[in-house]
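Letter by letter, the chains look like this.
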Amino acid sequence: MSAAFVHGVGTSRFGRQPGVGAPALVQQAVTEALDDAGVGDVRELDAVFAGTVFGAPGTAQRALQLLGITGVPILTFENACATSSTALHEARHAVLSGRFRRVLCLGVETMTLHFSGPITPEETDVEGRAGLALPGVYAMVASRYEHLYGLEPKALAAVSVKNRRHGALNPRAQHGAEVTAEEVLASRMVADPLTLLQCCDISDAATAAVIGGERGVGRDVRIAASALRSGELWDHRSTQPWGYELMARVAGDAWQEAGIGPEDVDLFEVHDAFTIGEITATEALGIAEPGGGCDLVLSGHTALGGRQPVNPSGGLLSRGHPLGATGLAQVAEAVWQVRGEAGARQVEGARVAAVETMGGGTAGIDGNGCVVVVLGG
Amino acid sequence: MSTTTGDPRPRVRTGPDGVAVLGWRCTGCGYPVAQQVLTCPLCREPVADSAFSPEGEVWASTCLRVRVPGHTPPYAVAYVVLDDGPRVLVRTPGDRPLPPASRARVTGTSETGDLVAVPAEEES
Numbered sequence: 029m030s031a032a033f034v035h036g037v038g039t040s041r042f043g044r045q046p047g048v049g050a051p052a053l054v055q056q057a058v059t060e061a062l063d064d065a066g067v068g069d070v071r072e073l074d075a076v077f078a079g080t081v082f083g084a085p086g087t088a089q090r091a092l093q094l095l096g097i098t099g100v101p102i103l104t105f106e107n108a109c110a111t112s113s114t115a116l117h118e119a120r121h122a123v124l125s126g127r128f129r130r131v132l133c134l135g136v137e138t139m140t141l142h143f144s145g146p147i148t149p150e151e152t153d154v155e156g157r158a159g160l161a162l163p164g165v166y167a168m169v170a171s172r173y174e175h176l177y178g179l180e181p182k183a184l185a186a187v188s189v190k191n192r193r194h195g196a197l198n199p200r201a202q203h204g205a206e207v208t209a210e211e212v213l214a215s216r217m218v219a220d221p222l223t224l225l226q227c228c229d230i231s232d233a234a235t236a237a238v239i240g241g242e243r244g245v246g247r248d249v250r251i252a253a254s255a256l257r258s259g260e261l262w263d264h265r266s267t268q269p270w271g272y273e274l275m276a277r278v279a280g281d282a283w284q285e286a287g288i289g290p291e292d293v294d295l296f297e298v299h300d301a302f303t304i305g306e307i308t309a310t311e312a313l314g315i316a317e318p319g320g321g322c323d324l325v326l327s328g329h330t331a332l333g334g335r336q337p338v339n340p341s342g343g344l345l346s347r348g349h350p351l352g353a354t355g356l357a358q359v360a361e362a363v364w365q366v367r368g369e370a371g372a373r374q375v376e377g378a379r380v381a382a383v384e385t386m387g388g389g390t391a392g393i394d395g396n397g398c399v400v401v402v403l404g405g
Numbered sequence: 018m019s020t021t022t023g024d025p026r027p028r029v030r031t032g033p034d035g036v037a038v039l040g041w042r043c044t045g046c047g048y049p050v051a052q053q054v055l056t057c058p059l060c061r062e063p064v065a066d067s068a069f070s071p072e073g074e075v076w077a078s079t080c081l082r083v084r085v086p087g088h089t090p091p092y093a094v095a096y097v098v099l100d101d102g103p104r105v106l107v108r109t110p111g112d113r114p115l116p117p118a119s120r121a122r123v124t125g126t127s128e129t130g131d132l133v134a135v136p137a138e139e140e141s
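Residue numbers (the working numbering), protein chains in the order written: chain E, 29 to 405; chain Z, 18 to 141.
Hint data in this document are derived by calculation from the structure and do not stem from the laboratory. Careful: at least some of the hints might be erroneous.
If you only want the chain Z side, here are some residues facing chain E, beta carbon under 8 angstroms, derived [stated by the list, open to error]:
| hint | residue |
| --- | --- |
| 1 | ASP24 |
| 2 | ARG28 |
| 3 | LEU55 |
| 4 | THR56 |
| 5 | CYS80 |
| 6 | ARG84 |
| 7 | TYR96 |
Some residues of chain E that are not near chain Z, with every Cβ distance over 10 angstroms (derived) [unchecked claim]:
| hint | residue |
| --- | --- |
| 8 | ARG41 |
| 9 | ASP153 |
| 10 | GLY287 |
Everything numeric in this text was worked out from a predicted model, so none of it was measured. Ideal placement from N, C-alpha and C gives every residue a C-beta, glycine not left out.
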């Protein structure tokens, strides 16, 4: 197989919905993805590559049986926030290698079963035992970034304002209200310098994508490249904020495989779990030079209507963050954009999209895993 | 979240010469680590017990102002790169994070087991 394609995508509703279990969320997402792919018979699926971070053993099988998806290999991946994008990366290679003709990718998370506040690293890690919850991890990123390059609060606020403006155009967004920079900066401080409106919310949701070979269907979106790595040791020798070097390395792999650079991409969906995450991601992807991420967002370059919109979906800040489902949510947005099906938030003339998902939480390394996917072209 | 494993946080030794942060150092390449390892993660050579300087440079810092299970906000934290040693996560007094590139000194551990550091000039 010379190329793998996304045949269809789907998502459940996003939100804090503790009364809705994983099986119901999965049915919503998979039904939409199968319909979108034109798969009328689940026997056309050769395998399922699922992902969940906090789900119980058997989460995927328990849900999929209700859709009649049984008897095929069902594999479950875990790679922190990059869980379902890891599943997609592996599914793509399974199709390219000829191991499977068509793979259903699935991400599902019921965050409200596990958390009521910020996500905390495992207590087996120093950070987890010391109470450095994920907002604190990213606040440390902001602190280091400020030391290296300078960081104005208005740049952080601009990320939130932009993405929430985009999210207001996305009917699937968990938080679809626009905010002002003043409101962002005046909202409750969570971890200096990150205020509440700079932090994504947890979410219960499922996402799905059908991956297969070329079949001559115009709506199918080619996966031009995908790259995956886990972080190197991140220790006293490191100068860069957490995650930066991993993102940059993975992005370099993806650009090399795709044969294009960031300047050739029409839109990006990146991991804006916290505002500083988008700023560092835009630099690591090469959209801006190191230290240039603040000017990039303040210039309007990354807003809808700008040269290269970043997070036209509204990002995690608007959509919410169902960890194991987030990667495929980003991919779904990229697919809709490249097809021209993104409605009011459509990026005009979008042909090529890139997705970056950063998964972290393990102490001592530069990230559990990062995935960059290039779609279309 | 609960755990049944040992506390991963570094420990200190207090003696006539003051406080030292305990850890390990590779006998081959000198790589310092604050968490117990069987062999050096860089070169696979054996490691030996080591006592690191309590002083170092603040690498990054913040203050958590949101409730985290088991912890009472606000609490300030910092990564400190110990002189010729590993980078460690410390609690710092008050709710104003220590500025990166400033000097800090580990003075001991808190009642809850975290390394505690203060601005270096306060200890001298």
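Evaluation of the interface hint that places TYR96(Z) against chain E, nearest CB under 8 angstroms:
With a minimum Cβ separation of about 7 angstroms from chain E (threshold 8 angstroms), the hint on TYR96(Z) holds.
Hey, does the ARG28(Z) contact hint survive, CB to chain E under 8 angstroms?
Nearest chain E Cβ about 12 angstroms off; hint violated.
Per the CB criterion, is ARG84(Z) less than 8 angstroms away from chain E?
Since chain E brings a Cβ to about 6 angstroms from ARG84(Z), closer than 8 angstroms, the hint holds.
Does ARG41(E) really sit off the interface, with its C-beta more than 10 angstroms from all C-beta atoms of chain Z?
The assertion about ARG41(E) holds, with a minimum of 26 angstroms to chain Z.
Interface hint status, ASP24(Z) versus chain E (Cβ within 8 angstroms)
holds, 6 angstroms
A closest beta-carbon separation below 8 angstroms is what the hint needs, so does THR56(Z) meet it against chain E?
With Cβ-Cβ at 14 angstroms, over 8 angstroms, it is violated.
Would the non-interface assignment of GLY287(E) survive a Cβ cutoff of 10 angstroms against chain Z?
holds, 35 angstroms
Using Cβ atoms and 10 angstroms as the threshold, tell me whether ASP153(E) really stays out of contact range of chain Z.
The claim is violated: ASP153(E) sits with its nearest Cβ about 6 angstroms from chain Z, within 10 angstroms.
Report holds or violated for the interface hint on CYS80(Z), using the least CB-CB distance to chain E and a cut-off of 8 angstroms.
Hint on CYS80(Z): holds, closest Cβ of chain E at ~5 angstroms, below 8 angstroms.
Any CB of chain E closer than 8 angstroms to the CB of LEU55(Z)?
Not OK, violated: LEU55(Z) not within 8 angstroms of chain E, min 15 angstroms.
Of the hints listed earlier, those the structure fails to meet are numbers 2, 3, 4 and 9, in rising order.
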